[in-house]
Each structure stands twice: as C-alpha cells, then as structure tokens.
Amino acid sequence: MPLISLIKSKIERILSSKEKRLSVLIVLIIELISITPLCGFFFQCGCDWPWFGLDEKRNIHQANIKNQCPWCVSMLMGVFSTAVAIISGILVSSATLGGVSNQESVKQILLRIILGLTVFILVAGLMALLAVLFK
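FYI, in this note's numbering the residues of the sequence shown are 1 to 135.
No wet-lab data here; the hints were simulated from the structure. Just so it is clear, CB atoms sit at the ideal spot from N, CA and C, and this is done for glycine as well. Just to be clear, a hint being listed does not mean it is correct.
Pairwise CB distance ranges, derived in the manner of DEER restraints [said to hold, decoys possible]:
#: 1; residue 1: Lys-135; residue 2: Leu-3; range: 30 to 38 Å
#: 2; residue 1: Val-84; residue 2: Lys-57; range: 37 to 45 Å
#: 3; residue 1: Lys-107; residue 2: Leu-76; range: 33 to 41 Å
#: 4; residue 1: Lys-135; residue 2: Lys-57; range: 15 to 23 Å
#: 5; residue 1: Glu-12; residue 2: Asn-64; range: 28 to 36 Å
#: 6; residue 1: Leu-126; residue 2: Trp-51; range: 33 to 41 Å
#: 7; residue 1: Val-84; residue 2: Gln-44; range: 41 to 49 Å
#: 8; residue 1: Ile-60; residue 2: Leu-97; range: 25 to 33 Å
#: 9; residue 1: Gln-44; residue 2: Pro-2; range: 25 to 33 Å
#: 10; residue 1: Ile-87; residue 2: Phe-134; range: 27 to 35 Å
#: 11; residue 1: Ile-121; residue 2: Ile-14; range: 14 to 22 Å
#: 12; residue 1: Ile-29; residue 2: Thr-96; range: 45 to 53 Å
#: 13; residue 1: Gln-44; residue 2: Leu-3; range: 17 to 25 Å
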C-alpha cells in the first residue's frame, strides 16, 4: 500500500492546478495522435495518421523488407519507447514554471504545451535511435 499512496501523491502533485491539468490533457491527446506518424517518419515504415490508416501500411507485413521498423517488429521495444516519450512529455508539461505567474494562465498553458511536446518529440527521436542501435 505505501507504493500506491506514493503514486497517488505524485499524480496529485502533477495535476495540482487547472493549468497543469489542461496542459497535460492537451499534450497527452496530441502525443497519442502523433506517435504513429512519428514512427512512420523515423523509420519510414508506413505508419501514418489515424485518419490515413494508422498502421495498416506498415512494412512488417512485407516479407522482403530488410530493415523493418523496430517499434513495429518488437512490441516490447515499441511500447517501452513510446511510453518513455509520452511520459516525458507529460512530466515536462506539468513541471513548475519559473518566471510565469499564476495570473498568466493562458501563457502558462501554452508554454507548458510547447515544452511538453518538444520534449516528447526529442525523447521519441532518442528512443528511435536507441531502438535502431539495439535492434
């Protein structure tokens, strides 16, 4: 039970203000929509936006492809890599911001979203590189 209470207190701290909650929600939605197209961009594997077929054209369905996407081929690598990127973006978007007062809530929300998505893309790129290296 101490682990559950620790996790609960961390989540409460992350979501302690309406600016943090809104920022985290927006960042999470954008991350979940864009992770598959990022996979397609990083690995040229055919993964695309949800409205363009998501992963139905990915190259793991083609037997003659030598360099298949490490995120698509290995469920463990794919889930681990994307989870690290998504969680990183969420944590950054909920971090305490210096220099922005609580009265500037729109500015604070936009800054949190930009920082969270930037970290998400950078960490996803780093995880993609590591997936290729340790494939």
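For each hint, the structure was consulted:
{"no.": "1", "hint": "Lys-135 to Leu-3: 30 to 38 Å", "result": "holds (33 Å)"}
{"no.": "2", "hint": "Val-84 to Lys-57: 37 to 45 Å", "result": "violated (25 Å)"}
{"no.": "3", "hint": "Lys-107 to Leu-76: 33 to 41 Å", "result": "holds (40 Å)"}
{"no.": "4", "hint": "Lys-135 to Lys-57: 15 to 23 Å", "result": "holds (21 Å)"}
{"no.": "5", "hint": "Glu-12 to Asn-64: 28 to 36 Å", "result": "violated (52 Å)"}
{"no.": "6", "hint": "Leu-126 to Trp-51: 33 to 41 Å", "result": "violated (28 Å)"}
{"no.": "7", "hint": "Val-84 to Gln-44: 41 to 49 Å", "result": "violated (22 Å)"}
{"no.": "8", "hint": "Ile-60 to Leu-97: 25 to 33 Å", "result": "violated (41 Å)"}
{"no.": "9", "hint": "Gln-44 to Pro-2: 25 to 33 Å", "result": "violated (46 Å)"}
{"no.": "10", "hint": "Ile-87 to Phe-134: 27 to 35 Å", "result": "violated (20 Å)"}
{"no.": "11", "hint": "Ile-121 to Ile-14: 14 to 22 Å", "result": "holds (20 Å)"}
{"no.": "12", "hint": "Ile-29 to Thr-96: 45 to 53 Å", "result": "violated (22 Å)"}
{"no.": "13", "hint": "Gln-44 to Leu-3: 17 to 25 Å", "result": "violated (41 Å)"}
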